[in-house]
Amino acid sequence: MPAVDPLARAQALVTRTLTVEPAPRVIEAGCGARAHLAYPAGARVVGIDILRSQLLRNGEACRLAQGDVTALPVASASADLVVCWDVLEHLPAPERAIAEMARVLRPGGLAVVALPNILSLKGLVTRFTPWWFHVWVYRRVLGDRSVGTDGSDQFPTALRWVLRPSGLRHLATTHGLSVEALHLYEGPVPQHLRRRHRAADVALSIAGAVTRTLSAGHYDTTLSDMIVVLSRPAAGRA
1 MPAVDPLARA
11 QALVTRTLTV
21 EPAPRVIEAG
31 CGARAHLAYP
41 AGARVVGIDI
51 LRSQLLRNGE
61 ACRLAQGDVT
71 ALPVASASAD
81 LVVCWDVLEH
91 LPAPERAIAE
101 MARVLRPGGL
111 AVVALPNILS
121 LKGLVTRFTP
131 WWFHVWVYRR
141 VLGDRSVGTD
151 GSDQFPTALR
161 WVLRPSGLRH
171 LATTHGLSVE
181 ALHLYEGPVP
191 QHLRRRHRAA
201 DVALSIAGAV
211 TRTLSAGHYD
221 TTLSDMIVVL
231 SRPAAGRA
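If you use UniProt numbering, the sequence shown corresponds to residues 1 to 238, in order.
In case anyone wonders, no lab produced these hints; they're calculated from the structure. These numbers come from a predicted model, not from an experiment. Some hints could be false.
What the hints assert, rightly or not - What follows is a set of in silico ranges between Cβ atoms, one per label pair, in the way DEER data are often shown:
hint, residue 1, residue 2, range
1, I50, L7, 41 to 49 Å
2, R44, P107, 33 to 41 Å
3, P233, H197, 43 to 51 Å
4, P107, D5, 22 to 30 Å
5, R212, V20, 34 to 42 Å
6, S215, R34, 30 to 38 Å
7, P233, V202, 41 to 49 Å
8, A99, A12, 25 to 33 Å
9, A75, R16, 22 to 30 Å
Cβ atoms here follow ideal geometry from the backbone N, Cα and C, with glycine treated the same way.
Full structure from sequences and hints, please.
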């Protein structure tokens with residue numbers, strides 16, 4: 001069976017949902033500088049970010065607004081899609097953001113959430129090391145000199161334990177959302193590390209093989225990221 005492409009799977013669900021509406025409303029919660037998904041022509045895309053510096057770099061949203069993802073300036077049940085990409089890990093109370101996504105979604109709408117997998121090797125290192133170490137790794141090991149400046153997409157990380165896969169499933173259920181898809185995959189940071197450093201490639205391959213063997217295939221420490229697609233059930237749906 002071919003491996004599932006988590007981004008393609010999320011995109012397919014988004015496309016299927018948005019093409020039903022002639023002018024679907026999309027909320028990019030914590031939009032940053034760019035979108036990660038494609039939207040149909042006619043989509044009304046609103047980008048919301050707490051940092052003005054990020055809004056100034058965003059040239060893709062139809063409208064931009066400065067605001068907090070834990071208190072979205074959006075009417076209840078008004079959005080066909082909410083996208084929250086690499087944002088939840090930076091929040092001290094990510095459950096408030098999930099509650100806000102549930103509030104603003106209309107029945108039948110989707111939320112797409114992307115974030116690090118705290119149970120992976122990358123996630124655990126990120127969770128238990130300070131921000132200065134993250135900056136050092138990105139600059140010296142990964143070669144990204146922009147980290148720590150206004151031109152960077154990297155920010156201090158809280159990565160609360162509630163964001164583990166089972167915790168996200170529980171949060172979704174608590175706020176009346178259903179999990180349509182949850183995929184773990186090896187994200188861009190370990191992939192870039194593999195390409196840049198042969199020793200890292202070997203070490204990650206060994207770590208993945210060992211954890212898969214010891215867990216009978218249930219756990220792979222190299223699966224550093226996840227994409228979760230949540231839905232607000234339509235009226236009359238159980």
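Beta-carbon spacing of P233 to V202 - inside the hinted bounds 41 to 49 Å or not: holds (46 Å)
A range of 34 to 42 Å was offered for this pair. Does it hold for the Cβ distance of R212 and V20? With a Cβ separation near 39 Å, R212 and V20 satisfy 34 to 42 Å, so the hint holds.
Status of the given 22 to 30 Å range, CB of R16 versus CB of A75: holds (24 Å)
Lying within 30 to 38 Å: is that true of the beta-carbon distance S215 to R34? At 36 Å between Cβs, range holds.
I want to verify a distance hint. Is the separation of the beta carbons of P107 and D5 within 22 to 30 Å? Hint holds: Cβ distance 28 Å, inside 22 to 30 Å.
If I claimed the Cβ atoms of A99 and A12 lie 25 to 33 Å apart, would that claim hold in this structure? Hint holds: Cβ distance 27 Å, inside 25 to 33 Å.
Assuming the hint says 41 to 49 Å, is it satisfied by the Cβ distance from I50 to L7 or not? violated (25 Å)
Lying within 33 to 41 Å: is that true of the beta-carbon distance R44 to P107? 18 Å Cβ-Cβ, so the 33 to 41 Å window is violated.
So the hint says 43 to 51 Å: do the beta-carbon atoms of P233 and H197 match that? holds (46 Å)
Hints 1 and 2, counting from the list given before, are not met by this structure.
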